Structure formats: structure tokens, C-alpha cells
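Protein sequence lines correspond, in order, to chains A and B. Residue numbering for the first sequence is 588 to 1373, as defined by our numbering. Residue numbering for the second sequence is 6 to 308, as defined by our numbering.
Please keep in mind that the hints were generated in silico from the structure rather than gathered at the bench. These figures come from a predicted structure and were not determined experimentally. Where is the CB? At the ideal position from N, CA and C, for every residue including glycine. One or more of the hints may lead you astray.
Some chain B residues flagged as far from chain A (calculated, every beta-carbon gap over 10 Å) [unchecked claim]:
hint : residue
1    : 47
2    : 195
3    : 198
4    : 215
5    : 254
Straight-line Cα separation of at most 25 Å, DSS-like style, residue types lysine-lysine; simulated pairs [said to hold, decoys possible]:
hint : chain 1 : residue 1 : chain 2 : residue 2
6    : A       : 646       : A       : 657
7    : B       : 293       : B       : 263
8    : A       : 657       : A       : 680
9    : A       : 1333      : B       : 263
10   : A       : 709       : A       : 680
11   : B       : 82        : A       : 1333
Residues per chain are reported as follows:
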Amino acid sequence: MDTQNPEPGTAKSVDGGAVHGASTERTRRLRARVMKAPMEVSLIRARKYTEARRLYADKPLIIQRALALKDTLEATPAVIFPDELIVGRATEKFTAAAVYPEVRSEWLFKELKAMDRRPTHKFVISAEEAAGLEQIAAQWVGNTAQERMLENLSPAARELREKIVVTGDGAFNYGLHLFYPDLKTALAHGLNGLLDGARRRKAGATEQEQVDFYTAVEIVLAAAQNWILAYAAEAERQAAQADGERSRELYDIARVLSNIARRPAATFHEGLQLVYLLHLLLDLADGGHEIPYGRLDQLLFPLFAADMESGVIDLARARELVEAFYIQASTIVHFLEGLVALGDDGNTGRLDLTVGGMDEAGQDATNALSYLFLSTMGQLRTLQPNVMVRLHRDTPEEFLDLVTRVLTDGSNTIAVFNDEVIIPALTAAGVALADAREYLVGGCVSPVPRGTYGPLCGAHVFAPKVLERVRTSGTSYSSYDAFYQDFKAELSRAVAMLAEIVHAGDAAHRDLLPQPLVSALVEGCLERGTDVKTGGGRYNLTGMNFIGFANIVDSLAAIKHLVFTTGQMTLAEMAQAVAANFEGHEQRRQLMLHQAPRFGNDDDGVDSMARELFDFYHAEVTQHPTLRGGHMVPGIIAATTHILGGFVSGATPDGRPARTPLAVGAAPSNGAARQGPTAALKSVTAIDHTKGAAGVSVNLRFHPSALQTENDIQKFRDLLRTYFWTLGGMHLQFSVVDAATLRAAKAEPEKYQDLMVRVAGYCARFVDLSPMTQDEIIARSEYGGI
Amino acid sequence: MAEAIRGVVFDIQRYSLHDGPGIRTTVFLKGCPMRCAWCENPESIQANPQLAFYHNRCAGCGTCQPACPFQAIDLAKPERIDWERCNNCGRCAEACPSGALQLIGRYMTVEEVVQQVRRDRLFYEQSGGGVTVSGGEPTRQYDFLAALLQAFKGEGLHTVLETNGLLAWKKLQALTRWVDLIYLDLKGIDPTLHRQQTGVDNRLILSNARRLMAAGQDVVFRLPLIPGLNSAPHQLDLLTRFLDDIGAREVHLLPYHKSGEDKLRNIHTSQRGLPIPAMTHAEAERLKALFERSGRKVMIGGA
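With the hints as extra help, turn the sequences into a complete structure.
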């Protein structure tokens, strides 16, 4: 395909069956190495933070933690590996995660023994390291932030948490991850500028708490400078030992590092390097596995344009730098507890880079870097960063064209976001227009307005569990409405309990985990002299995510239709079938699957139930404040929490068996959408997306055969346009499925009812095809060269 | 009254990619006078609704058996249905909880079809798409088809009619006022072979093709290419000469594939699969070159 055609001189490598375009041999080598590297852990941070409790016991907590970070950085050697252009690691190893025992520690005991049995995220940890970690963990038992949160819960909230009806524990994996790093100020004023600002404000501070806060900020910023300078020294040391081109390159790298250790970034290379190092530092300090990079096309464009203008770089060099940055970003991993890892299956850190969209004045801001970041990801296909593309009505056609191509070329690497919906959603949640327009995307799909500190995707309501509580309450219902009223009351209660859990979590963070480095880089904290965890940021929203949305809508529709409309079964009979996980009740399950109307088919009846339900959920969620001075906002997003949520949930009245995945985000249940993508998108937008400020995510899945010709791609682009500009959809993630999925679809057709394929001049649902044709299409996609 | 007319529709497919410009909904009408051995929609041939059994969806629950008034269901038989007894009433399909038994084709009014088609209007507007009526052979339900097309035009929709052209010129001509684009199938020029392979004479089709072009109608010619049946060099030579002669500007080549074949086991039919392999892409590309002359637009597959 055209988009696969690399520029002349492009090196290609083949791994995992896919062909990847690297623009240089160096990139190809770097990429090959990072794809092969095992995931390890580093003990340095855990050790230093543990020691700091004893060493600095007499100091205020915020200073104790600042010194812990300083000691960690001083103890972590600078490591630069062959071929690297963008350098830096948060640990002493090639691909390793730091450990954050002060947040939660008890899981380490269990996890370290069962590392082999983890279904995903398998880390390589030596016996010696495991023993060391256990020792460290033991010292934190009883003193972690998570335990503090649990101590403060009411019995009712504790019960719902233990039964996994709700969870707010996203705030403990590890930091309050989602925030809007103010890299703009860091790039423009440099670390010296930030440090001067903190010192100046400290001089004018009157309260001891503020003085301590500024002192802590000074400590961490100075430590960061020294750490970067240590990298500069290492680059220089290697340069002296290297030959020719690499030696010259390492001297360049050393100059880049010593400049950005103190001064504003002066070149595109310096800008990328500074952004990358600040990200590593934030990660090491806070531990959030979803710290976003933000709008790098906007932030770095002035440097890029000046370099191009003066001839310091050409486009090929810029591309190689971006590739080096992507590969370096892919070395960042996070060591998560097993169940949490299942919720982040296959991705140990969603580090989002946002491109495109409008500027704070509402004008199109797409620039040459938007194209460069996007096309490089389309070809290089690294695990990180996640490229998130903002679109609006005035997005240039040429950019939309590139976006469509990358979306449809089978790389499945990008997601698209609609400014026209997200900005009103954010302003409706109380965000100023300019800050809303500057939103970045964080986590899996959350829009994060400028000036924000808040976990927009860390708290979840596992709605099937809520429904189960009503269904099994023993109450008999004379009408659907009576049943639905009880469900809403139970949902309202779950939301209130989750708010309590989130408050307890926020309080634990505030009291035990102040965060001076993050505070230095979130707008508002330095002005106020207040830590982010205490509400120093300008926006302090917290997301409450509805998990299993389509399963609930379908279940309610099945109850309404089969029990109260047609009378094909009683509520008791339905409960019996569901409780037995449908064993011995296959006929009833088939009725649920095939006779009840389902969300995703442009059915006005079910779709209006979906809309009403989300409106209700929105009203419930937004009435709860956050401890940091903001309020809760609803979302329907998933990552792979739907797999986790499904794993812990029993069967549901939509015919879904126990322990199987729930519907993804706001998308229809797997197999429910039988009228094709237009109908599915209409159903999905029956929900008001402007009420989902924490994100409303929608996934579509196509077979490559539905995107073979130029015409097909144009039609897909029009599908996207209609979904965004006319129907008001917020987000779209689009996957083009591979042969492995098709084989799975063949083996378990009922899970893949919505999988569209192009057969020969027409589209069909894959599961409707005979084994013979299915085999033919499987073979085609393997040889077809998407 | 248009509302009173009902037709037999066997599918309404949304986001139909290869039946005309833009995003389209294709309405498939049941019934066809031809009996092409390569037919990819064998379930569309019979004019009336007919029962189909999808083995892989059957849960074996047996709910269907008592529902059948004619004792036509035998759970011991892999094909389930005794076609001698079955009269396609569809009671078993109504009873089946899993959709393994289905009645293909249902009677719909014009308004019912229009309501369905209207649902994707926003997508048509964005993409320059619209509605396509296909089959079977849609002109077999002439009055219903005419009422449908008229209603679509009344809605301001772009319309494509996909037809084999086997109807009186006056009747075809009358339809063109509501049709923006005709997809006309041509299965061959040699009248003897055509009769052998499709069961009908092609003289009317060829003269209709000529007259449509002469009348300035937008027509895309769709040519199924079946190795060993209608794709020998002299047959293709006749085809290209005919297309040149009438001034055909756009051609879609539809290389033979086997995907219609496995539908045969789900329905009651005397059609059997063809003992020939699907046409390779390379072969289709080679044939494509034969049709590309005098600025004609030729593509493999539809669009």
C-alpha cells in the first residue's frame, strides 16, 4: 500500500510478521534491540525512598520526599547505550521499572512468588532482587498510602470495594497519574528559570508550609539538573572513547545535555531531549504509568521551524530524532500488580503524545510536526508513545487524509479525538475555554485540560455487579419501571460509595505522598505555593468510569423485552439461568442473545434507554466534589478494564457468560452490532458525548479487505467525518484485524458477530460466512499484504 | 397507492461498499429469471420467502419441531428440513431462539423500506452516497421497484439500479427517470451460450444496453468472468467489441469466486457448486487490460 512505501533509502525490518519502516539503519538497530529487551525491575528508587524515612525523619514530609528523589537520582548511574541519539533511563538498566513501595507494598509479596503465572506483563526478576524487594516491602507494611485509604473507609464503602462493585484503586498504581505537564514553561525558561521562580516565591512566602513546599521544589529541580549533568559527563566520557562519527555525535549529545540542564531548549534536538528527560523524572517521582507527553507538535514547533529555517536540521534528521525519541519512549515500563496489569493488557504504560487540533484561540494548529509525529508512528510502529490525534472541522484535508491512511493501514496504532465535542464537554465541566482548547489526551482516552491534576480514569463502577445486586435482592417487580428505579437507586449508591473511596484516596495522597516535582510542572502550584495533591493545580477533576455500559443496556433491554413485554421468561427464570451461568438454560440464553433488542443496531428503543441511563449517571457523578477542589466527571472508557471487569463478574442477562470480557468503552457488546458500522455509530452517539468529560471511547473493528481500494478508504473517511461532525462522536479507535483474530472468530463466532469483512465486492459479517470462505479470507489476509 | 404495494426483500445492507458511489444502503429484492451456475446469491433466486437452516448456529434445542405444522423437521437429519413437506411458512424460524432457522425474504411496504434506508441519510450526505436496489433481479418485482425508486427520489436520494436488463425497453425506460446510475450485468454476447449458461435469451439485454447508452443514461457494465464458461478469448473479444460499439465508458470486472457456493447447503436448491477454482488476481489483471481501451474506466470488483 502507498502508506507503506518508505522514502528512498528506507531500511525495513520484519518482526512479528509485520513490516516496519525505519528511516535509517541506526533506527532499525535501535528498534530491533528494544523489541527484544526483557522487562526488569530496579531497586534503587525503592531503597532510597525507604532509607529516606529514617535518614530524614526529623524533616517535614514534603522535604523528606524531595530528598528521597534527590538521593535516588544521585544513586542512579547515567547509562547511554550504543546508537542512541535521545538518551536517558529512569533506572540503571536497559528496560526496567522503578518500584514505589510507599504507595502500596503488600502486593509485592504475593506477586514476586507468582511472576511466572502472570497472564501478562512478565518481568524478569532475580532471586536476589526479589528478596531485596520483599525486605523493602516489609518495612512499609502498615504505612502505605493505600492502607491509609482503606483505614478511612466506611464499612459500606469497604464492602462495595471488596466485592469489586467499584474501585478507586487506580489512584494507587501509583501516582494520581493523569495531569497536564507544563512543558511549555520548562522549554521556554529552562530548569534555571523554574528554579529562579521557586526561589523568588519562597522569599515572599509567609507560611511555613509554603516555605517547605518551595524548599522541596528547589531540592528536586537542583537534583534534576545534576542528574542531567551526570548524563552530559557520561556522554563526554563515551565520546572520548568512541571513534569518528559516533564520537562527534556523543560530543553533540553532551552539549545538548549540558545546555538543557540549565537553560531553555535552543534546538529541536534539545527540545525533544528535555521533554523526554522531564517525563522520565516525573515518572520516577510520581510513578504514574500514564503520564502524558502532551501536545509536542505545538510545543516543539518553534524550535523545529527555526532549525529548518537555519539549516541546522533537515527533514530526514528531524525524522531520525523523532524515531530515536519513540524508541527511547518504548523502553519505559511499569511494574503493576497482576490484576491491574490485566486491565492494561499488553501495554505497560500508556504514554500519550497528542498532535493536531486547534490552538487556544480556536484556530487550526496542525503543523509540519503534526505530520512528522504521525507519519513516523504510522511507519515505525513502536509500542510507545501512543499517538493521539485531535481533529476539528478546520483540520486540513491533507492531514485528515494522512490520519485516515494511518488509521486504515493495519497498524492499529493511533486514535482520533473530536475537538468539536471534547471542548464543549470540558467547558460544561467548568473548564475555561482556552484551557479546554489546549487539552491533551492522557491515559487510554481521557481529555485533560491545561492546568489539570486529576485521575480521570482511575475510578470505576463495575456496573454488572450493581445490576446483580438488584436482580438478586429477592424483590419481585410488577413492572420494568419499578425494576429500573431500583437499579438506578443502587447505581446512585455505588457512585456515592465510590466518591467516598476516591476522597479517602485523595486524602491519603495529600497526607502521605506530596509531590514537589510534579507540582513544579503543573500550572497553578508554584503561584499558590501548594502541592498538587492538596489542590495546587487549576483543575482538579476526577473521572468516574462506567464499565460494561453496553452489557447493562442490553441486559435492561432483555429484562424489559423478555420479562415484561413478551413474557418469554419470568425474572426468576432469568435469574436462574444467569446464576447457573446458562448451564442447562441454553435456550433462554439464545432468547437473550437473539430475541431481545440490543444496543448498536440503530434501534430507537434501546438507544433511548442508553441515552437516559448515561444522562442519569452524569447527573449522579457530577454532584460529587473532589477533595482537591474540583468535582467528579463521568466517562465510559475501557483500556482493557472491560476484561478485568468481566473476569470478576458473573453472567449477565444479555447472554454474556461469567468471567468473559465486558463491552469495550461505549461500544456495543461484542457480537451485538449486526447492522454494520453506520448503525453502530448512530447507536453510540445516541449517548450525549458532551456529558462524558472523562472520555467516551468507541472502537471499530474492520478486516483489511474492507479497506483495500482507494474508494474504500475514502468511504471510511466519510464514515469518520459523519461520526464526528454530524453525529457528535468524541473518539474513535479503529482496528484492522489480522488473521489470528479471524481464526479466533472462526473458533468462537458468537464473540465476533460484528466483525466485518469484504468478501468479493460486498461486505459481510465474518461469522455469517462458511468455514470454506472463512478459510479463504484468513489465507487472503495473511498473504494479502495490508 | 404506493403504500399498498408490498415486495419481497431479502436483505437491506448498510455501509455497502461496492454498489455505487459513497456510503450506500443496498436493498436486495428477491426473485430472478436467470439460472446462472455461478450465482453468488442463490438464496435470491426463488421469488417467495424461503426457509434456510444455518447448521453452525443450531443449539439443538428442538423448539422448532412442535412449531412446524407439517412435521417437516427431523432433528436426526443434519440438514433438519424435509424439503418435500416444508412449505416455507416460517413458523419454525419464529420459534428458533438462536436464529439457526431463518426465513429469507419478507414482505415489506415501500414505506417500511424507505424508513430503513432513511436511517443512514447523514452518511449519504457526507459521502455523496445513496441507495442501491439490487437482487435477485429487482425488475422482477416491477411495480414495487418502480414505487421504491420513486419514493427514494422523493426523499432526494441518489439511486443506483443493479439489473440484468431482462425486461421490455419501455418498462426499463420508465424506470430511468428515478435512477441516477444503472449497473447493468452482461454475462456474454453469444446467444446460444448465454441461453445455456443462464437459461434466458440475451437479445433483449443487448438491445436494452444499446438503447440506454443511446439515451445518454449513466451506465456501468458489470461483467462476471467465469473461467471456462464465458471468459474464453473469442467470448471476451465479442464482449469488448460490443462495449466499444455501444460506447461503454465504465466497466467493472467481477472475477469468479466461490463464496456463494457454501450458501447452497443452507437452502433448498438444485444448484450445485462449479468444479472450477476461483479466478486469481493475476488472471483478472491480465483480462482487465483487454477491456482498457478508448479511455474506458475499468476496475476489478465493484465500487
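Structure-based check of each hint:
1. A cut-off of 10 Å between C-beta atoms confirms that residue 47 of chain B is not in contact with chain A; the least separation is 13 Å.
2. Listed as a non-interface residue, residue 195 of chain B keeps its Cβ farther than 10 Å from every Cβ of chain A; the least gap is roughly 25 Å.
3. Chain A leaves residue 198 of chain B outside its interface by the beta-carbon criterion, the shortest separation being 23 Å against a cut-off of 10 Å.
4. Here residue 215 of chain B stays apart from chain A, with its beta-carbon at least about 26 Å from theirs, past the 10 Å limit.
5. Even its closest Cβ contact with chain A, about 17 Å, leaves residue 254 of chain B beyond 10 Å, as expected for a residue assigned away from the interface.
6. For the suggested pair residue 646 of chain A and residue 657 of chain A, the alpha carbons sit about 15 Å apart, so the restraint of at most 25 Å is met.
7. A threshold of 25 Å between alpha carbons decides the hint, and for residue 293 of chain B with residue 263 of chain B the separation of about 20 Å falls inside it, so the pair holds.
8. Proximity of residue 657 of chain A to residue 680 of chain A is assessed by CA-CA distance (about 19 Å); at most 25 Å being required, the pair is judged to hold.
9. With a CA separation close to 18 Å, the supplied pair residue 1333 of chain A and residue 263 of chain B stays within the 25 Å bound.
10. At most 25 Å may separate the alpha-carbon atoms for a hinted pair to count; residue 709 of chain A and residue 680 of chain A meet this at roughly 16 Å.
11. For a cut-off of 25 Å, the pair hint linking residue 82 of chain B to residue 1333 of chain A stands: about 24 Å separates their Cα positions.
Checked against the numbered hints above, the structure breaks none of them.
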